[in-house]
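Based on the sequences and whatever the hints tell you, model everything.
These protein sequence lines are chains A and B, in that order. So the mapping is simple: the working numbering equals the position in the first sequence, first residue as 1, plus 25. So the mapping is simple: the working numbering equals the position in the second sequence, first residue as 1, plus 25.
What the hints contain is simulated information worked out from the structure, not anything from laboratory work. No false leads were slipped in.
Which copy is meant is left open, so a pair is good if it fits within one copy or across any two.
Once the Cα atoms are required to be at most 20 Å apart in a straight line, the calculated EDC-like pairs of lysine to aspartate or glutamate come out as: (1) K168 with E113; (2) K527 with D545; (3) K541 with E628; (4) K54 with D67; (5) K672 with E95; (6) K309 with E203; (7) K556 with E603; (8) K482 with E411; (9) K353 with E465; (10) K102 with E678; (11) K264 with E668; (12) K80 with E649.
Computed from a prediction, not measured in an experiment: that's the story for all the values here.
Protein chains: 2
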Amino acid sequence: MTRQMNMSGARVNEDLLRERARCSFDVNKLTYFIDGGKEGTDGRREVEDLVLNTKLLEDIVPVDYMSHKERYENAVKKSCIIVNILKEHALRHSSFDAYKPSNMYRIQSVVKDVMPFMLHMGMFVPTIFGQASPEQQAEWLPKALSLQIIGTYAQTELGHGTFLRGLETTATYDPSTEEFVLHSPTLTSYKWWPGGLGQTANHCIVVAQLHSLGECYGIHPFIVQIRDSETHMPLPGIKVGEIGPKLGFQTANNGFLGFDHYRIPRQCMLMKNAQVLKDGTYVKSRNEKLTYGTMVLIRVMIVTDAAFELSRAATIAVRYSAVRHQSKPRPNQEEPQILDYVTQQHKVFIAIATSHAFRLTGSWLWDTYSKVTRDLSDGKLDQLPELHALACCLKAVCSADASQIVEQCRLACGGHGYMASSNFPTIYGAITATVTYEGEYTVLLLQTARYLVKAWKEALEGKVMTSTVAFMVNYIQDNNVWGNNPQGIVKGFQAVAAGMTKAACDALHQYQTTLKDYEDAWNMVSVQLAKASEAYCRAIICEVFWSEIQRHTRNLPTSLVTVLQQLAELYLVYWALEKSGDLFLYSKITKQDLVLLQRRYEELLGFIRPNAVGLVDAFDIRDEILQSTLGAYDGRVYERLMEEAMKSPLNQEPVNQSFEKYLKPLMNKSKL
Amino acid sequence: MTRQMNMSGARVNEDLLRERARCSFDVNKLTYFIDGGKEGTDGRREVEDLVLNTKLLEDIVPVDYMSHKERYENAVKKSCIIVNILKEHALRHSSFDAYKPSNMYRIQSVVKDVMPFMLHMGMFVPTIFGQASPEQQAEWLPKALSLQIIGTYAQTELGHGTFLRGLETTATYDPSTEEFVLHSPTLTSYKWWPGGLGQTANHCIVVAQLHSLGECYGIHPFIVQIRDSETHMPLPGIKVGEIGPKLGFQTANNGFLGFDHYRIPRQCMLMKNAQVLKDGTYVKSRNEKLTYGTMVLIRVMIVTDAAFELSRAATIAVRYSAVRHQSKPRPNQEEPQILDYVTQQHKVFIAIATSHAFRLTGSWLWDTYSKVTRDLSDGKLDQLPELHALACCLKAVCSADASQIVEQCRLACGGHGYMASSNFPTIYGAITATVTYEGEYTVLLLQTARYLVKAWKEALEGKVMTSTVAFMVNYIQDNNVWGNNPQGIVKGFQAVAAGMTKAACDALHQYQTTLKDYEDAWNMVSVQLAKASEAYCRAIICEVFWSEIQRHTRNLPTSLVTVLQQLAELYLVYWALEKSGDLFLYSKITKQDLVLLQRRYEELLGFIRPNAVGLVDAFDIRDEILQSTLGAYDGRVYERLMEEAMKSPLNQEPVNQSFEKYLKPLMNKSKL
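Structure follows, in structure tokens:
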């Protein structure tokens, strides 16, 4: 019996009971594996229990019925309750583990749309850690960590996103008063998007073009108070507000911010790296690469968040598919569970597999980063470009794949997946935003492409290649052998990545001869270059997923190893079939191989089918975090759909006022 | 100067002015072509002007800030105003053209989320036309057409969607009172989803299992009054309400409906086809196929709606991309318009082309249907299966493609595309719903697959094939020749459709020998079967688009013909590149062909680039219908974004009440 069953009073759906009875592995053991060990699970559950058992968090009306403003106010209220609980827990245990981003991300699902001060912990505090001098840290960190001040991170502007050098906000140093003058010279220079900036934060990090003594030194970070600590009124010279409703993140309180010659002390420039001295002298940063860590960290977090959102989508879709019955292929039979349809398995099992793939790839990227930074401190910089290329394409591909698969899961739940109460709309709103923020999808793929083009050139020149692009040498030497097995598929994807890079490089070369200009030629082949990056990333994820499963599973029970290997193989075969054309073009796969792969895929779906509910139970997502009528642990799908509908304010009165006001006059007029 | 420029007082963005100046064709001529002639454009514009120039329709607060209930009430108000205007216009002109579904669909964009009585005109009235006897029509049509009653169409239930035979609602005939007793025996039998059912409609068509004299005769339609005409109170025995918020269609007022032994007169069964006599005798319908027309009509409408939503998405994305500048490939140059990036052109030009492709394919399907029904009345039934197969896969593929391309356009607008004020969230909410309603995507593809499997068998047997599957014979005779031109690509896609059908049939045959059961084998290969259907559909759209452009362009100016051919070729080459792997597997394309196609694609993007803004201007979508800060005709993107944000109720007061209530206590507590 699992934890969740103990808590739920209601009867569990019969189909789900049957599914759980036939699971072939120990669900708890898989949960431990997912959490990185039993202690990980215990710690997470302790924090979740603490927060989620708080009665104060229950909504009177579901948030989807509220106005935009009510929704924000409700989110502030709930966030304050949660943060209080977490802080007390942290003080009791002298550990700030409860503040762990991964835990926060899960728990804030209770607010449904995100906590308005998500960026306080997610960006404001890390930036002070990463970019403030020791004295500045001593001043700001205690206040920030204990939430005496609430901050956010203001970088993007109305007219400027991914291209940071284009930012227009200026910070001009005035040596006579030892102050910086912040100014927004145009409408497009207004800060736009920072979460919590609207009505919540009273401080923020502002990224602005630094001017001193008539020179511009490019963008630098400043810590700026924007609202009065006591009254919360915007300070003179500050124009601040929220930017309005969006596809998702309704309660993030994303804001805008403009400065009218707003003065801040010199000490408000974050000076761990570059500095401006009292007389206005600019002192350059010793190492531009030092701020690299935060960026990689955030991209790893996005990959991990994608894994979490996929686990939510998979849990909802699999449980619903076990409860829902439809059609009658044979006259004298009951309608089967829709989970028995192979097309349905095709849509939802890949979500389970992908969640594991991304979680493990995220950890692997983080380990790689840690290794590279250790080498960095020894003065070795040569692995940085590869790390950068990996972080870019993994963020891009994982966010885009996750968005697409979340929608696939929603659509697999038919009309009911379209209901807000399924929670799919919120999950999609959250995951699709990650395709754009922290580096736009195509821009990031083209960053990776710069690396691939360079690597291809080096491979042709016979240089020693770093590990993730060593396969290019194989391709040049025509050493690729297809194999109808996981290792073979990984090699196949590597051949695709190499072949596409070669094709793009050839085209680039040709365009260069006609167009003369390298950037014009680059632009012409950019669609091909982006595809090559995606293929490279696909090869990485496939290789990492397969090898990490082999590495991790040594200490796990055999029954669990079997099912994890099935998931990893499913992932690889799924993508081999999806990209069969590319494999045909660039690897040595044959048509017969493809027929065999298709059979193997159908076989794997069959292996996973009896364990499907156990696999999503192992994600161990409490109903309060899942927030779904279709996916709750007890499977009371139809009862919950109706219960949620009955909460609609429109259903609290038999006749809505619009009848007398508008409908009746219209109907009566028609009679005349 | 266009119509829209006359109306807008504000200055038009300089970039857009430049783009419009360099358009190579007459934008108005393209608009006429889209509307099916100048009269079509004039008629549409007349109705749009009439409705959109009504000041009453302006919202005090943008609807995205409202609560669910306020939004509904606002939509009822606006819908009543619109319907009144349209009705008066119809009476003045003795023509109900303004009620044309295509016009209604465009105009209701003013309500942003859809009119609560969309299903009155869309399903209630057509069902009375199609399924009521002449006496019933005489009784109900005048009331329905003049909106003395407001109706909807209640078919799907909480537990039953696509599989209609599974519906649970019963209509049991009681000969003693000459009444039917409607009853909802279970929670899952509650009607669920009908638009307008919640609080708006007072009548509806109910589809229920007909029982008479102890026999069940399957599902039949009944016309049922559910609310009192004067008070709008639900009648005794009726439980009705709305189902709650969704991903989109927030104001559709989708409802639920349960019956507790609710009695209606015998005459409320729609009796054009089957009948129940006074004594309870059931009289069978003479022709089951007679109800076929409504279904094809609705699927054609979905294809056409997809074309419209694509034109909205394309208009927004192209105009925004012309106004937005980003990055600096060269140091001493201005940031270029993002429309100059080939990756951006790749994302948005396909939206323009696909809108034309779907509009023309929708008309073609309608013409095909008309031809088939003419033959039907001559007793020829043999083309019905092909028509059914076409309607199924076209509805499925067009809805799914449109959803994907709308999202592609949104993502191409970066963070701002995520704003509700861009209108992308609403457009996506509307278009993605069509993937599910009126026949779920995969279910429909598998319907088409049944036809393809049968056709393949007949082709092998050497039978005479109908026109859209004649290509199977070519494939069997290995007669396919690849050609790097539109006709060649069409033939290539036909080879793919044939090859995939063959592969699925081979697999089906193999599974049958091991699994014994045909339906089990069918299930195992259903993923492959669905892919074959999609390929077949792709071949159809490509062929129809290309040939319709050739046929239509004879009377158009050369400059317009050129650009239309470029769009059609772009569509074909785009998909050839997307599906290059499939073409490799089943057609005779070579690697060198692919390189040439890629070059041709890049060339076509370059041809379309200078006409991009002109092409979307030609869709002639007024700002009130586009509803987008990013896509307005004048290109005042940043001004509009800020203006919309300033309307936020949260921005009407400098400090929100949640500061004193929650944030300040949290911050102060932290100090202790």
